[in-house]
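Q: Using the sequences and the hints given, assemble the complete structure.
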Amino acid sequence: MRDFSSDHRWLSLNTATVRKQGDLIAIIDACARHGIRAIDPWRDQVAAVGLDRAVRAVHDAGLELSGYCRGGMFTADAAHRIEARDDNRRAVDEAKALGAPCIVLVVGGLPQYSRPGSVASKDIVAARTQVHDAIAEMLEYAREADMPLAIEPLHPAYAADRACVNSTKQALDICDQLDPERTGALGVALDVYHIWWDPELMPQIARAGKDRLLAFHVCDWLVPTKDILNDRGMMGDGVIDITSVRSAVEAQGFAGYSEIEIFSNDWWARPMDEVLRTCIARHRTVV
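When the letters of the sequence shown are read in order and numbered with the working numbering, they come out as residues 5 to 291.
These are computed hints drawn from the structure, not numbers from a lab. Treat the hints loosely; a few may be bogus.
Claimed, not checked - Derived SDA-like pairs (lysine to any residue); straight-line CA-CA distance at most 25 Å:
1) LYS100 with GLU148
2) LYS24 with LYS173
3) LYS214 with SER171
4) LYS126 with ARG186
5) LYS100 with GLY237
6) LYS173 with HIS159
7) LYS214 with ALA164
8) LYS214 with ASP150
9) LYS24 with ASP64
10) LYS126 with ARG89
11) LYS100 with LYS173
12) LYS126 with ALA164
13) LYS24 with SER171
14) LYS230 with VAL243
15) LYS100 with ARG85
16) LYS24 with ALA65
17) LYS173 with ALA161
18) LYS230 with LEU114
19) LYS214 with VAL123
20) LYS230 with SER171
21) LYS24 with ALA52
22) LYS100 with ARG47
A: Shown next as structure tokens:
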């Protein structure tokens, strides 16, 4: 396993971590000040400053990307499926322009939550089938752009409203079905917040192998967790054995960024520079 104790070369900042403290340009400037060499921006943050300006800012700062957040939210009723398809194609185009190595997919839950205005449904089996079919369709477009897709399984608490793919096994099953040749076009983004609890995690990481491990995200699970969405912990403040998960991922040959992604009302209330200094310190000592 790589030694992060002496520098933070392999730290990437998911820009949601400081989304309340400034826009994307301010975040890029702060990363440059702190010697952070990679980011994973969110589409709404890119849209707020404009794609062309975002591309220039990333280039001028000499930053790399560890991913692009996010595509997905595939589930919808018939009246909204074209909207979902077209939105995901735009995500591919944006990721290509920014030089992202992959698009992270949060696949969606029940239609009424994934695509507002969709007819309500309680059929999660149908939702999962729709996710499979929509990824297959998006994959055709993404292959033409040479843009890998990374399915992110989310904690089961999010099954209804954000993602009905809730385990690494489910995500890899889709990869096996849609990309059996393991071309690198389809893989997984593993976030310790969502997968740490899974008793099958380690064998599923081994199953993924290097070619399907496209992104690795870190934060921590607090006890108690006050808000399932916006109370993630800074690494080292919770119960996740982050080092063991990273060791398993790197044992498969993953040599990319450890991407810090923290949705937290607590950390959003602190100055950006304080958050980034803490991220760097924990990356060196905990991750």
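Q: Now tell me if each hint is right for this structure.
A: Here is how each hint holds up against the structure:
no., hint, verdict
1, LYS100 with GLU148, "holds (11 Å)"
2, LYS24 with LYS173, "violated (34 Å)"
3, LYS214 with SER171, "holds (18 Å)"
4, LYS126 with ARG186, "violated (33 Å)"
5, LYS100 with GLY237, "violated (31 Å)"
6, LYS173 with HIS159, "holds (13 Å)"
7, LYS214 with ALA164, "violated (30 Å)"
8, LYS214 with ASP150, "holds (18 Å)"
9, LYS24 with ASP64, "holds (23 Å)"
10, LYS126 with ARG89, "holds (22 Å)"
11, LYS100 with LYS173, "violated (28 Å)"
12, LYS126 with ALA164, "holds (9 Å)"
13, LYS24 with SER171, "violated (29 Å)"
14, LYS230 with VAL243, "holds (15 Å)"
15, LYS100 with ARG85, "holds (23 Å)"
16, LYS24 with ALA65, "holds (21 Å)"
17, LYS173 with ALA161, "holds (17 Å)"
18, LYS230 with LEU114, "holds (24 Å)"
19, LYS214 with VAL123, "violated (40 Å)"
20, LYS230 with SER171, "holds (23 Å)"
21, LYS24 with ALA52, "holds (13 Å)"
22, LYS100 with ARG47, "holds (13 Å)"
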